[in-house]
Amino acid sequence: MRLELTAEQRAARDEFRAFTAAEIAPHADRWDRAAAVPRELVGKLRERGYLGSLLPAELGGRGLDMITYGLLTEEIGRGCSSVRSLLTVHDMVAHAVQRFGDPAARERFLPALARGAILGAFALSEPGAGSDANSVETTAVQEGGPEGDWVLTGRKKWTTFGQIADLYLVFAKVGEGAGGQPTVFLLERATPGLTVTPLHGITGTRASLLAELTLDGCRVPATHRVGRIGSGVTHVASYTLEQGRYSVAWGAVGLGQACLDASLAYANERHQFGVPLIRHQLVSALLADMIVNVRAARLLCLRAGWLRASRDPGAGAETMAAKYFAAVTAAKAANDAVQIHGANGCSEEYPVGRYLRDAKVLEIIEGSTQIQQISIPRFPFTEL
Amino acid sequence: MDQTKNQTQSQAKIKEFLSRFFKSHDLKPEEDIFALGFVNSLLAMQLVAFVEKEFGIHVEDADLDLDNFRSIQAISSLVARKTGTAAEAAPA
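Chains A and B are the protein sequences, given in the same order.
Under the working numbering, the final residue of the first sequence carries the number 384; numbering is consecutive throughout.
Under the working numbering, the final residue of the second sequence carries the number 476; numbering is consecutive throughout.
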């Protein structure tokens, strides 16, 4: 058994790291304060092929393998979790359209998603529905027979990059009340009846342009249904959220690594009681845990990536485990990073305060830590 | 004869996979796995991934009817239909 990246994967990681160091990390605190990732940066991500990067080259994507995609997400997440979250949700939409989309929708949207010419956003959560995806109240009613338009009505909340997205993956119910069947639709931004309202005052990933969507009789063609009626949670959400978890897990590794980088630098440079902080054993213990946990989280992500690449049925469980551990690790690493920085950690002069706020979000999105704790013991894992 | 043998082999593989989820239950070919109360959204897509990888088929949107995954027998029939279609479509 050899556990190492290929030369191509290492080269790609170097590219992603250099891009993040030049274009993202120096600006992330400013974007956080402004509560917005600038359009200019989205353009740079597009030019590099970082949006829709898993889609094949023939569609205009970069055709990254699962591991290289993970490395991309880690490096971007190391610089800014808000930017990483754009990749996450955009790729979730692309993933859903590729697997479950109607041929007409695939033809229309996939090349644009692959090039990043349009931005996708994932619209599942509602004011009253989060972890319990079956409880969404947005409705979809078909008019004019089996080929007729669908009319969507309801509210969506916490839609990441909803403020600037062009295409929303909307979860709705077909049919009334408890018997309603969860079903997924594509909704274009220009659709009459759609109102996009920015959400402000968010704790973490502040620059991710969250929005609330109000759908007032939004009409979409029959070809915009994604997957079968009733398959919205069992198949489309499950498949799409697994992709999202994989992306968030790697992003959490990146955030954990950023905490480690900042903490090691600070602990070596800052002196107290006549010696650098790293010479104090209690600080050293925090750093040792951070190093080991971030490395362990990365290994879980690599394992999940290998299983996903080989389409192993155990990939879902492994991805949950990776997301769970990486998010918890990032939260602990960020908390300890602030502790190591002391009063400076509570200041905007250092990025660790942002890391802490962003890490909290990672424990909530794409299946909260508690949802993973409920699910992980119930699923068998593929043996090595 | 071959068809029956293939079906039996597929059913054995499907049972082995599902047994990982139903550890304390001897699953019968016709038994409704959804009625046993374990199946949730993660298992639904894991089943699809298993069937695609194990039998080398592509489960299309039209195949994602839960009835096609309701029992060992149902999954085995889906596999037989998909592989049969593939054989017919292949050039001579």
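Treat the hints loosely; a few may be bogus.
Below are the SDA-like pairs computed for lysine to any residue, each with C-alpha atoms no more than 25 Å apart in a straight line [as the list claims (entries may be wrong)]:
hint	chain 1	residue 1	chain 2	residue 2
1	A	Lys332	A	Pro103
2	B	Lys437	A	Lys157
3	A	Lys157	A	Gly145
4	B	Lys407	A	Leu64
5	B	Lys437	A	Val220
6	B	Lys466	A	Arg228
7	B	Lys437	A	Arg311
8	B	Lys437	A	Lys44
9	B	Lys437	A	Pro377
10	A	Lys360	A	Asn335
11	B	Lys466	A	Ile371
12	A	Lys360	A	Val328
13	B	Lys437	A	Lys332
14	B	Lys466	A	Pro103
15	A	Lys332	A	Arg311
No lab work stands behind these hints: they were computed from the structure.
Inset, instruction - May I ask which of the numbered hints given earlier this structure violates, with the numbers listed in increasing order? - result: 1, 2, 3, 4, 5, 8, 11, 13, 15
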